[in-house]
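Based on the provided sequences and hints, a complete structural model is requested.
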Amino acid sequence: MDAHLRFSPEIIRRLGEELNPTLSKGILELAKNSYDADATKCRIELQDVNQPGGTVVVEDNGDGMTLDQIADGWLVLGRSAKKPSCKTRLGRAPAGSKGLGRLAALRMGQSTSLYTVSRQVPDARRELIIDWNRFNEASSVEDVPLTIGASAGDPLSTCGTRIEIWNLREAYGRNEVKRLARELLLLADPFGDDLKGFQPELIAPEFEDLQRLIKDRYFRDAEFHLSATVNEDGRAAASLKDFNGGLLCGAEHEQLVSDERGHYGCPAASLDLWVFILNKDTFALRSTTLGEVKAWLREFGGVHIYCNGLRISPYGGPGDDWLGMNLRRVRSPEERPGTNTSIGRVLIKDEGSRLVEKTDRSGFIENSAFLDLRSFAQDCMDWMARFRLKEAEKRRRRKRTVTPQMAGEAQQGLIRLIEEVPEDQKHEFSAALSRYDSARERQVKALEKEVQLYRTLSTAGITAATFAHESSASPIKIIGQCLNAIRHRSSHQLGRKYETLLKGPVDGIERAVKSLAVLGHVTLSMLEHEKRRKSRLEPDKELESIVTAYAPFFDARDVSVITDFALGLSYLHGSRAALESIVTNLLNNCVAAFEDAGTAGRVIEITTEMSDGEWHLSVSDSGPGIVGIQIEDIWLPGHTTRRHGTGLGLTIVRDNVHDFGGTVEAIAHGPRGGAVIVVELPIIES
Amino acid sequence: MSFYLENRQISTIWVIDDDPNARDSYGFTLEDMGLEARPVTDLQDGTLAALRQSVGSTGAVLCDYHLKKRDYSRHNGDYVVARCFQKGIPGVLCTSIHGAPINRQDLRYIPGWLKTSPMNETNLRGALEHCIEELTIGYRPSRRPWRTLVRVDNMDEERRGLTVVVPAWSTRTKIQLHFDDIPGNIRELAEPDRRFHAHVNIGAEDSRDLYFCKWEPQ
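The listed protein sequences correspond, in order, to chains L and Z.
Numbering-wise, the first sequence is residues 1 to 686 according to the working numbering.
Numbering-wise, the second sequence is residues 1 to 218 according to the working numbering.
Quick caveat, the hints were computed from the structure, so don't treat them as lab data.
Certain hints may be false.
Unchecked claim - Going by beta-carbon spacing under 10 Å, a handful of chain Z positions derived as facing chain L:
| hint | residue |
| --- | --- |
| 1 | ASP64 |
| 2 | TYR65 |
| 3 | HIS66 |
| 4 | ARG160 |
| 5 | LYS174 |
| 6 | GLU188 |
| 7 | LEU189 |
| 8 | TRP215 |
| 9 | PRO217 |
Even glycine gets a Cβ: it sits at the ideal position worked out from N, Cα and C.
Listed below in C-alpha cells is the structure:
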C-alpha cells in the first residue's frame, strides 16, 4: 500500500503560534510581506482588540498576487521563493523566508479573509476565506479544501493585498499595541533619509504619539557622531565627528581591530552611533530640553540592526544590549555611551545570506559572521572611548594647570585693591591677607595629604580585594582539600599515632585557613554594590552579621566579644556600607590596640539600645585606652599613635556618622579600662 | 568502591577546574573516598559534548564555579553543571567565593551545589544524592517551583539588574536579579512596584538558592 506523510492540523498551531507568539511579531511578518510585495504603504487597523473577538486589518498597495501565486506561494508553508539576492521590482531584498510568521498572524483570529489584486492582472480580483475552526475538525491539514474565488466585494481600489483577521482569540492590551507601534515605526530605518518609500502605519493613538516622537529626530543634539564601515573584504574604517559635523579623528582598520585578526568575516555593513551627553549644563543654551531628548532615547535608544532594508528584532529594542554597551560602561564609566544615552544603527547589505535569522524571529543565529559583525561594532566603540578618554585626560591636565593660575590672578587683584586703601589701613589689610594665605596653604596641604592617603588606601583596598578573590578561588580551596587528604591518609596509615604526631599541626593549618577565608570573605563582601545604596536598615541585625563574620578573626586573636543588642524593630536610613564601615573600623581599632599594647585578657563589649529616637551603639574594650594623643585629635585624618596606622579609620567613622545625621564621641578610658566610642544615629521609625 | 545512590552506582567522577592543582586536590579526596577521579584538562568547544558521551551511567561531574581564569573554558561552572544535568548527568557545583554570581536561570538545573569548601565525603554524597533524586524522581520540596507573586522593588539600568521581593518567601528580603535572569518581555514591562507571576522555589532557605521561571505579566 502506498502511503505518504500527512500533517495534523495541530502542526499549524505549533508552527505558527509557538514561534511567533505575540501580536507585534505576527503583524510585523505581514508588514514584511507587504514590503516584499513592493508596497509603499501598509496600513494596519486594530478594531476592538482589547477584548477577544476583535479584528485586525492589514492592507497594502503592493503588487498583489495572481491565482498561481496564492496557490503555489502564499498557501505553501515552510518554503519561500523569495531570495535576498533576487531583488524585487523596486530593488528591495526580500525579507520573508518561510511563511511561518504569516501563519501565526493569520491564526490569531477564528477566520481570515484575503483579498488581492495583482499588478500583472488588475482586472482579476481574488478572494480567499479560511475558517480555522474547520481545521480543528479535520484529521489532516490537506483534508480541508480552500477555494480561491473572484472577489464579490471591492475592498481594494487598486492593486494590493488586504488581509482581515476576524474574531481574535485573545485580547491585546495597551502595552502590546504600543510595542507593535514601536516595531512598525522602526521597521524601515526611520533614522535614515532613504526610506525606500515604505511606510507602515498603525491606526492607533499609541502610534501617533510615537510617530511624533520619532519624527523629532534629535540627532543635532548629539555630542558625537561615530561613523564606521566594514567592506566586503572585512576591512573597517571609522571617523568621529562633533555635534557640528566637524571631524575629530579618523581610524583605519589596523587602529580599530582589537586582536590579531586580519579582517572581519561579516557582510559589508555600516555603523552610525549618535552619543549624547545628558546633563543640564550641556542643554542649558539649547532650544531642545533635556527631558525631550531623554524621552526620545528611552523609546528608541540603543543600536538597531537593519539587514537589507528592514529592522531585525530584538537588536536595539527595550532591554536589548547586544553590544554590551551598558556593561562596558559600568566597567569603565568614563566617556562610554550606554543604551540610554545613545542611538544608532547598523546597516547590513547581505545578499549572500551570511547572516541567518532564527525561525522564531528572535535575532540572528550567532554564527561567525554575526560574531564578527558584533566585534566590528564593539571595536569601533572602543576606539571612540579611547579617543574620548585621552581628550578627557588632556582637559583634566589643563584644569590642574589653570586652577592655580586663576587663584594667583585673583590674589594679584586683591593685592592691587589693597594698594588703593588708605595708608593707615593698608598694613592691617596686608597682614590679614597674609594670614589668610598661610591658612589656605595649610588647608590645601592637608587636603592634598588626605587625598593622597585616600588614593593609597583605595589602591590597597583594590589590591586586597584582588588577593582575597584570588586566594578564596584557588589556594585556600586547594589547601583545605589537600589537608583533608593528609588527615584521611595519615590517620588510616598511622592509626593512633596520628593523634599524637599530626593532629595538632593539621588542626592548626585548618584554623589558619579558616581565618584566611574569613578575611577574604569580609573583604569581598565589603565591595558588594548593593551595600552602597541607601535604604532602610535594621542596625542590630547588620551589627550581628558583622560580628558573626568577624568571629574567627577574633578567635584567632584570643579576643572575647560580649554583645548586648537591643534587637528592637527600629530602622536607620543610610547605606549598609556606611554602617559596616563604622563598625569594622571601631572593631579593627580595638584589635590593633590590643596588639600594640600586648593586652592580656582581651575583651570587646558591644552594646546597643534605643532611646529618644536614636540608636545608641557603644564599643568598649579592655585595651590601653586613648593615650599619647589629644582626644579631640583622634578624628583628624592622618593622626595616629600606631606606627603603621593610616590615621583614617576614625575619620571615616566620623564622616559616616555625620552622613547618617548622628554624633560620635570618644571616652579615653571606660569601665573596662580601654577606650569607649559611643555612636548615636537617628531612627527613622519604630 | 562506589557510591550507591537512589539505586544508581557512581564510581567515577570527572573533575572540572581550570587550576590543575585544584583538580589534583579534588582527586586526592575522591580517591580517599574510593572513587576514581578523572581530571578534565580542557573544556573548550566540543569537550562538553564529548564528556556527555563518556561519563556514562556510573559517572558524575564535580565542577568548580570559576573556569575562565585560564584559557580553559568559555563558560563558568554553573553553565556546565546545568547543561550536564539537562543531559541526565549528575553534576555537583563547587563555589568557594562569597557571592559567586550564579545564573539564576541555570539554578533550576543545579540541585547539587557545594557552597562551602572543602569538599568531603558527606557533603559530596549529599549533593550527588540530591542531584540523582531530581534526575530520577523530581524536585525536592525545597526546590519545587510554585506559581507566586513577584514584586519589582527597584531597577538598576546601569548594572542591568533589578531587585524583587517574593512575598510568599519573605516580605522583607530583597532579591537581586540580573537582566539575563529575566525573559525579555518581562524586562520590558518591569518597573518599581510592578507585579508579575513567576514560578519560584519558595521552599528554599537561602535567597541565593531561589530560581525564577515561567514568568507571566500580571
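For each hint, the structure was consulted:
1. ASP64: Since chain L brings a Cβ to about 8 Å from ASP64(Z), closer than 10 Å, the hint holds.
2. TYR65: Given a least distance of 8 Å, the restraint on TYR65(Z) holds.
3. HIS66: 5 Å, holds
4. ARG160: 5 Å, holds
5. LYS174: 8 Å, holds
6. GLU188: 5 Å, holds
7. LEU189: Result: holds, 7 Å to nearest chain L Cβ.
8. TRP215: 13 Å, violated
9. PRO217: Constraint on PRO217(Z) satisfied, holds at 8 Å.
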